[in-house]
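Construct the complete structure from the given sequences, taking the supplied hints into account.
Protein chains in written order, with my numbering: chain A, 1 to 234; chain B, 1 to 651; chain C, 1 to 81; chain D, 1 to 81.
No lab work stands behind these hints, which were simulated from the structure alone. Predicted model only: the values in this text are computed from it and were never measured. Cβ atoms here follow ideal geometry from the backbone N, Cα and C, with glycine treated the same way. Some hints could be false.
Said to hold, decoys possible - If you anchor each label on the Cβ, the simulated ranges turn out as follows:
1) Pro498/B - Arg76/D: 43 to 53 Å
2) Phe609/B - Gly172/A: 56 to 66 Å
3) Asp74/D - Val19/B: 39 to 49 Å
4) Glu577/B - Val184/A: 49 to 59 Å
5) Ala390/B - His133/A: 53 to 63 Å
6) Glu293/B - Asp50/C: 24 to 34 Å
As the list claims (entries may be wrong) - Under 8 Å between C-beta atoms, here's a sample of chain D residues computed to sit facing chain C:
7) Tyr7
8) Leu29
9) Asp36
10) Leu37
11) Val39
12) Gly40
13) Lys41
14) Met43
15) Lys46
16) Ile47
17) Ser48
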Amino acid sequence: MNFGVIVFPGSNCEQDCYYVLESVLKQRIEYVWHEETSLKGYDCIILPGGFSYGDYLRSGAIARFSPVMRAVADFAEKGGYVIGICNGFQILLEAGLLPGAMLRNTGLKFICRFVHIRVETTSTPWSNAAYHHQVLRIPIAHNEGNYQVPEDVLFEMKQRGQIVFRYCSPEGSVLPEYNPNGSVENIAGICNREGNILGMMPHPERASEGILGSSDGLYIWKSILSHCGADVAI
Amino acid sequence: MPELYKELGLKREEYEEIVRLLGREPNNVELGMYSVMWSEHCSYKSSKVELRKLPTKGPGIILGPGENAGVVDIGDGIAVVFKMESHNHPSAVEPFQGAATGVGGIVRDIFTMGARPIACLDPLRFGSLKEPRTRYLFEGVVAGIASYGNCIGVPTVGGDLYFEEAYQENPLVNVMCVGIMPKERLIRARASVPGSIGVLIGSSTGRDGIGGVSVLASQEFDERSTEKRPSVQVADPFTEKLEIEACLEMLEKNLLLGLQDLGGAGLTCATCETADRGGCGMDVEISKVPLREPDMEPVEIMMSESQERMFAICSPENLDEVLSICRRWGLNAVPVAEVTEGDTLRVLKDGEVVAEVPASSLAKGPEYNRPAKRPRYLDDVNTFDFSTLALPSDLGQVLVALISSPNICSRRWVFEQYDHMVQVNTVAYPGSDAAILRVKGSKKGLALSCDCNGRYCYLDPYVGTQIALAESARNVACSGAKPVAITNCLNFGSPEKPEIFWQFKEAVRGLADGCEILGTPVVGGNVSFYNESFGEAIYPTPIVGMLGVLEDIDERIPSCFTREGDLIALIGVTKNELGGSEYLKVIHDVVAGPPPEIDWDSEKALIDFLRLAAKSRVISSAHDLSEGGLGIALAEACVSGGIGASVEIDH
Amino acid sequence: MAFAKVYVTLKEGISDPQGLTILRALKSLGYDEVEDLRVGKYMELKISGDDPEAISERVKEMSERLLANPIIEDYRVEVEE
Amino acid sequence: MAFAKVYVTLKEGISDPQGLTILRALKSLGYDEVEDLRVGKYMELKISGDDPEAISERVKEMSERLLANPIIEDYRVEVEE
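Take a look at the structure:
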């Protein structure tokens, strides 16, 4: 399976994603400069975390105008798989490829710690390797992770199973005190209607090796690998 | 204009030395250049003589003090580059921007050597938390460090934090940065090839940080112009991130002959130091320097300390590729200088010489042997009669009071604002004795710790500094690593006061003796003087930054209890030493010494034991006793491990 | 040469933690008369050209595409000679 | 009931990296007529009371103490009935 991880000016997690896909999961992956206009040959495109354009104005507000984003939209339109992690998720929202918007965390502070997220649906290319309501321990690291979406759109998203992950307690109960940033209904990750675009604030690439404290992030990588029929190294 | 030099902080004999060196009176631009290059901050004129007593050589040491950062060989063809610096005064003016620009400065010192920055640590000191001003400074500094480090993608993995009245008017914001690189990637900050080109990369130049030198600018000093000379700069981590990637790419493609960041004394420092180290001269055409404000004068351009700027030296053949790489990363890059034969630094404006000085004379400032006198306060504070202390009845209450006191309680509120995981190298998270990082592509690991209890140094600068060194060594040893080398940041009051300079001399002597015994050379560091106000100086605070190396990352041990049924052993001798303790301050509100003694033989034996025990996997965890002693160490190991312990004191 | 001012504010009903925090801080400093506070972005643009109408249209377009996020923000444009 | 508006902007001479980055983004989107852009904060306060003069003084005081950072920012206050 061929992965491409996009490098925007200011991205800072692309090398982490590259390392996990190449060294841990033994997949082919390349860096894609934000001025590329074609994504031919890739099966899955990763929009990594970081501070594209310094997060100036709004997280992702400027990166969404990079030339590569037109190619990402076409790639997704044709069924290509796209995962936006943290800043990548914010860029997908600003580009309108996923519904809703990100506001500042209600605590007004950057938060970096492990959290628990619950798998809300396993019928997506990104969560089929997990079981329903499985709890994954994956770290977050962001300043603007407070996901908001209009009521009517949220209702529709729930109907269509687009809510993929919610922040929860270690035992899996979705409670306000386990919501780190104020996101509506503890939402941590969503997908588009077709399911081929995923946006999530937690960083799976930071929880793909036991040595770092958790390998639950592998469930996301394994899901997309098995969905595309690729062999999974571990 | 002879009086003008006084306003710039130059002494009469220093001015006369300049006249001797030039063979004539200096003009405005030259006077400005000497005044900043010969300031304490840039020339270390009061500390140089003492710093030479520190051991800087050792088996793995590739580069000691003298360049932008020290370089240590840790095997497997990998070199570690690390250093610590202070941004105390700017942070007292504007905490957020002061601290943020402090991170930017030290990170530039690392990648200017060719290394990718992989971790930062932030030793911080504030006044009492009861004061609103302290809370304002504390909150601003932490948010500033977070905003910068998180944006450039360098994890802030550790540091230390104390609140003492002595720092009320003078907070300390030190930042340590660590980078790694393949050994052959090392690049020196020197201009050694005549005909090579000096390229200024990054942000445009404004009237930032030119402070006193502004008096030289011809504009009359009216209300309007003070507006134009901002005392605070706004940090731009986004541009710095672009510079990290662009510079590392140019180095990987072997396009550069030299690289230096712009810090204190801006372009003047970068040009004269690279020329001096390379044994060459340099012509600088300042009309080419991209300016942020229209009518800037030569002295303002040469002394501006605008942030996020780098000075790269490359051959004419490589210039185009250097400029195109910078453009690709969205960075402004302009050739502004040419390396010449000889030792003369010439500054030109549209071809006309505005300054002409020997580069080496600028780079090597004066040197002083300051007078030192043992302070009288030492006798009063070290003769306390401990038997007069009333032993509190409820020791449980004492433990609770200590564990919630500002110098001991959890630092989670701070480090959860720092991205301490980016680059997926962090394997021991903040809160443990030492931060531990894996080195991708190698079995080795790095253990990092910075330590200093200013109170101990106040009570006895010699012993207090050695305690800081011993504690940083113990912290890395507690994670199974071998202490290898240190950096430091020596924060003191005014060196012109004999009592303060005595504290400095004793601290450096203690550090030198300790490093000799431990075999951990000093590969670089920083001195910050004049940390005092209204005649009151801070506690002497010589912060030690220790690099430890784990031969095998899998031999690392945590600092919290991990398994039920494990036995707990207290290693080392417990003496009746309450001097300078947190117990004495928090419970009895007394600061009195002497501080605990240092027994280097047992310290070395302990460090060797911990490494051996970790290697042979006979211990599941190890935690160092520091503030709060045994009681707090046990509580910390239980709380962070989420497991209890029962302890018999009378054994 | 003209000056355009763009005010970007959160839409009604969208939570504004920053505004809330500042409001609380003002009250703790004794300014009880403040009943509500909302925070937004304020941008000053220097624009070449001398037709305020045309400039206003262009700045609105800039706001729609980049300076504001229509899902959660409103914007207002003022142009001065 | 009165409305007060506070405009907080960076002092002249202080670099504005955010403004510069947004300016470059606008130019890359074809808005070359924009020559400079600076970003600041804009606050709307709902305040009980009906003496615009007194309110304006109080809001200035709030700006000096909390809403603006006097070291690097200027502020301007407008009060409407």
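Consistency of the hints with the structure:
In this structure, Pro498/B and Arg76/D meet the distance hint of 43 to 53 Å, their C-beta atoms being roughly 51 Å apart. One distance hint, 56 to 66 Å for the beta-carbon pair Phe609/B and Gly172/A, is violated here, with the actual separation near 44 Å. For the pair Asp74/D and Val19/B, the beta carbons lie near 43 Å from each other, so the given range of 39 to 49 Å is met. For Glu577/B paired with Val184/A, a C-beta distance near 56 Å keeps the hint of 49 to 59 Å intact.
Taking the beta carbon of each, Ala390/B and His133/A are about 58 Å apart, inside 53 to 63 Å as hinted. Hint check: Glu293/B to Asp50/C, Cβ distance near 26 Å, so the stated range 24 to 34 Å holds. The closest approach between the C-beta of Tyr7/D and any C-beta of chain C is roughly 5 Å, which is under the 8 Å cut-off, so the hint is satisfied. Using the Cβ-Cβ criterion of 8 Å, the hint placing Leu29/D at the interface with chain C is satisfied: the shortest such distance is roughly 7 Å.
Interface restraint check for Asp36/D: the shortest CB-CB distance to chain C comes to about 4 Å, inside 8 Å, so the restraint holds. The interface hint given for Leu37/D is met, as the beta carbon of that residue sits about 5 Å from the closest beta carbon of chain C, less than 8 Å. Of the supplied interface hints, the one on Val39/D holds, with its beta-carbon coming within about 5 Å of a beta-carbon of chain C, less than 8 Å. Checking Gly40/D against chain C by beta carbon gives a least distance of about 4 Å; that is within 8 Å, so the hint holds.
Interface hint at Lys41/D: satisfied, since its Cβ lies 6 Å from the closest Cβ of chain C, which is below the 8 Å cut-off. Because the smallest distance between the Cβ of Met43/D and any Cβ of chain C comes to about 5 Å, under 8 Å, the interface hint for this residue holds. The interface hint given for Lys46/D is met, as the beta carbon of that residue sits about 4 Å from the closest beta carbon of chain C, less than 8 Å. With a least beta-carbon distance of about 5 Å to chain C, the hint placing Ile47/D at the interface is held under the 8 Å criterion.
Checking Ser48/D against chain C by beta carbon gives a least distance of about 5 Å; that is within 8 Å, so the hint holds.
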